[in-house]
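Each chain is listed here by its residues.
Protein chains: 2
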Amino acid sequence: MSSALLHGYFRSSTAFRVRIALNLKGIAFDQRFRHLRKGEQRAPDYLSLNPQGLVPTLEIDGHILTQSLAILEYLEETYPTPALLPSHALERARVRSLAYMVACEIHPLNNLRVLQDLSRRFGANDGAAADWFRHWTKETFGALEQRLAQEPQTGRFCHGDEPGFADLVLVPQIINNLRFQVDMSPYPTIERIGKACLELDAFAAALPERQPDAE
Amino acid sequence: MSSALLHGYFRSSTAFRVRIALNLKGIAFDQRFRHLRKGEQRAPDYLSLNPQGLVPTLEIDGHILTQSLAILEYLEETYPTPALLPSHALERARVRSLAYMVACEIHPLNNLRVLQDLSRRFGANDGAAADWFRHWTKETFGALEQRLAQEPQTGRFCHGDEPGFADLVLVPQIINNLRFQVDMSPYPTIERIGKACLELDAFAAALPERQPDAE
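Protein sequences, first through last, are from chains C and B.
If you count by our numbering, then the first sequence holds residues 300 to 514, one letter each, in order.
If you count by our numbering, then the second sequence holds residues 300 to 514, one letter each, in order.
The reader is advised that the hints may include incorrect statements.
Pairs count within a copy or across copies, as identical chains cannot be separated in the list.
Claimed, not checked - Subject to a maximum C-alpha distance of 20 Å in a straight line, what follows is the list of computed SDA-like cross-link-like pairs (lysine to any residue):
#1 LYS337 <-> GLU376
#2 LYS337 <-> LEU348
#3 LYS437 <-> SER347
#4 LYS437 <-> LEU414
#5 LYS437 <-> ARG341
Derived by calculation from the structure, the hints in this document are not laboratory data.
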């Protein structure tokens, strides 16, 4: 079994996604933590691995990989079992589209560096930043709930009865929502799927509060 | 050759990506336009295709596909020639990571609905919205330029001498930058690649100003 080194931060949703994927695939990994609030992701030694100065970076198989969604696809292609994407192109498109609803429409707007910028640029206080966070979450979660509740491919998890890409992007968002008091009552299907995921060790062991750098 | 129907908007970067991919793969397609500034993407008939009320939506092979990055992967899997991703997992990860730098770190922060929200929420005028746009573009373009200039896999295009996923995500961003007067002089490699892309009909025919709904 390969071993890997994940550079992350306990609270980073994108590092959380990769931890879940590594756990689901049974890939042993160590972690190194870059404290985002202290700016450790901008240290020269880290920028040489990841010129964007963002987490995560995954060192695996002698390679240095960046961008969590690209890392997930790499893991799926090189460690195919258990599969985290279905085998049929149409089903793969469904799973990816669910994952990208969160990864491309919610998370980029709601991560720490954006909230910090709103404060600097517009004087947004904690309450205004939380309103922003909740707005973009709700904007997508309404449609996501509708899709998951209505589309027949939804099972115990986002797609069928095995966890996959959509689940491992969704769960970090659900956990993030707790910190910003997002009312989850309009999203019972999302809630149910999140609970089913967190019953699995692969998800639970990846939770922020279970990481050594948790505060 | 299959025919397809793309629901988009001339100025949408994400619809632009899909137009380029369809052109590169030689898939004939018609377009229907949803005027984003008039809110046509929230009309009930469109929401039944795309519950998020976002463009693009692609109808192809009897299926309805949403989320541009999921559409690109579907096209690559079902219309494999010409390939828009390399064949080796490590190279695929490189191309995807370059594409996602733009798709996940710039575009989600800079699209129309976010700029409109900044105005409503923080009273951001056009100048402040443009500053925001330029900030997030520069934040990523610095690292993207560094990677493209230094990594040996860069060729005439982002990866080698054939256009692919990273190019078709990058070019719409470059075109968008024009409207917000982003100074491109720090990014000569990005500029060079953008020019090489636009020499190809597949890219040029997909330009916003070449669409029937262009204003």
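Results of checking the hints against the structure:
no., hint, verdict
1, LYS337 <-> GLU376, "neither (35 Å within a copy, 42 Å between copies)"
2, LYS337 <-> LEU348, "within (18 Å within a copy, 44 Å between copies)"
3, LYS437 <-> SER347, "between (37 Å within a copy, 19 Å between copies)"
4, LYS437 <-> LEU414, "both (17 Å within a copy, 18 Å between copies)"
5, LYS437 <-> ARG341, "between (31 Å within a copy, 16 Å between copies)"
The structure fails to meet hint 1 from the earlier list, while all remaining hints are met.
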